[in-house]
Amino acid sequence: MVELHKQGVNVALGTDGPASGNDIDLWLAMRLAGYVQKTATSDPTVLPALDVLRMATINGAKALHIDHLVGSLEVGKYADLVVLDAFSPSLTPVFDPHVAIVAAASRGDVCQVVVHGQVVVRDRKALNIDATAVVDRVNKLTPVILASVTRN
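Numbering (my numbering), first residue to last: 619 to 770.
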């Protein structure tokens with residue numbers, strides 16, 4: 619990954635889901651990307667936190683060909699952002715905000731989410747959906763989906 623990144627290849631991070639052995643935690647994906655590259659190269663300075671953060675934001679948007687809409691905070695783009703709890707014990711003390719986000723933050727530190735300029739999570743609570751109902755529906759649909767996949 620480091621060599622591709624150095625050669626200018628757009629390296630992006632994403633998640634696949636629990637079905638393939640991982641979860642959908644982009645915070646963990648960022649942390650692992652940094653750790654794995656540092657371990658593989660025996661170089662603690664390889665792949666700085668800011669580069670990893672870019673892989674999870676603007677580079678992901680570029681990979682999906684939507685970087686003109688999302689991936690960075692710029693005039694004319696959707697106002698999509700995540701607000702972390704600056705007083706979270708896991709983020710204290712902050713010497714470098716990029717390192718704090720990549721190496722220490724987790725989904726539990728997310729206190730607000732804004733999508734297209736609309737607050738959709740406030741005080742760690744989803745405003746527009748019933749999360750329990752969504753999880754229940756997913757759990758009910760999973761066997762149906764699996765049955766259709768194995769038949770075909």
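Source of the hints: derived by calculation from the structure; they are not laboratory data. Remember, predicted model here, so these are calculated numbers, not experimental data. Mixed in with the good hints, there may be bad ones.
[As the list claims (entries may be wrong)] Label-pair ranges, simulated between beta-carbon atoms:
#, residue 1, residue 2, range
1, 708, 732, 29 to 37 angstroms
2, 646, 621, 18 to 26 angstroms
3, 657, 711, 22 to 30 angstroms
4, 757, 714, 38 to 46 angstroms
5, 708, 621, 25 to 33 angstroms
6, 622, 642, 32 to 40 angstroms
7, 626, 650, 18 to 26 angstroms
8, 757, 643, 31 to 39 angstroms
9, 730, 750, 34 to 42 angstroms
10, 684, 741, 39 to 47 angstroms
11, 732, 622, 36 to 44 angstroms
12, 634, 766, 38 to 46 angstroms
[To be verified] Cross-link-like lysine to any residue pairs, in silico, SDA-like; alpha carbons within 25 angstroms at most:
#, residue 1, residue 2
13, 743, 633
14, 743, 767
15, 624, 641
16, 680, 715
17, 680, 743
18, 695, 684
Yeah, the Cβ is synthetic: ideal placement off N, Cα and C, and Gly gets one too.
Verification of the supplied hints:
The supplied range of 29 to 37 angstroms is broken by residue 708 and residue 732, whose beta-carbon atoms lie about 22 angstroms from each other. Checked against the hint of 18 to 26 angstroms, the pair residue 646 and residue 621 passes, with Cβ atoms roughly 23 angstroms apart. For the hinted restraint 22 to 30 angstroms between residue 657 and residue 711, the CB-CB distance of approximately 25 angstroms keeps it satisfied. Distance hint for residue 757 and residue 714: a CB-CB separation of about 40 angstroms, consistent with the stated range 38 to 46 angstroms.
Range check, residue 708 to residue 621: Cβ separation about 32 angstroms, and the 25 to 33 angstroms hint holds. Remark: the range hint 32 to 40 angstroms for residue 622 to residue 642 is contradicted by a beta-carbon distance near 24 angstroms. Between residue 626 and residue 650 the CB atoms are about 23 angstroms apart, so this pair conforms to the stated range of 18 to 26 angstroms. Taking 31 to 39 angstroms as the suggested C-beta distance range, the pair residue 757 and residue 643 does not conform, at roughly 19 angstroms.
For the pair residue 730 and residue 750, the supplied restraint of 34 to 42 angstroms is violated, since their beta-carbon distance comes to about 20 angstroms. At roughly 29 angstroms, the beta carbons of residue 684 and residue 741 sit outside the given window of 39 to 47 angstroms. A hinted range of 36 to 44 angstroms for the beta carbons of residue 732 and residue 622 is inconsistent with their spacing of about 32 angstroms. Our hint of 38 to 46 angstroms for residue 634 and residue 766 is violated, since their Cβ atoms are close to 20 angstroms apart.
For the given pair, residue 743 sits about 22 angstroms from residue 633 by alpha-carbon distance, which is consistent with the 25 angstroms threshold. Restraint check for residue 743 and residue 767: the C-alpha separation of about 34 angstroms exceeds 25 angstroms, so the hint is violated. About 28 angstroms separates the Cα atoms of residue 624 and residue 641, which puts this hinted pair outside 25 angstroms; it is violated. For the given pair, residue 680 sits about 23 angstroms from residue 715 by alpha-carbon distance, which is consistent with the 25 angstroms threshold.
The straight-line distance between the Cα atoms of residue 680 and residue 743 is roughly 30 angstroms, outside the 25 angstroms bound, and the hint therefore fails. With a CA separation close to 10 angstroms, the supplied pair residue 695 and residue 684 stays within the 25 angstroms bound.
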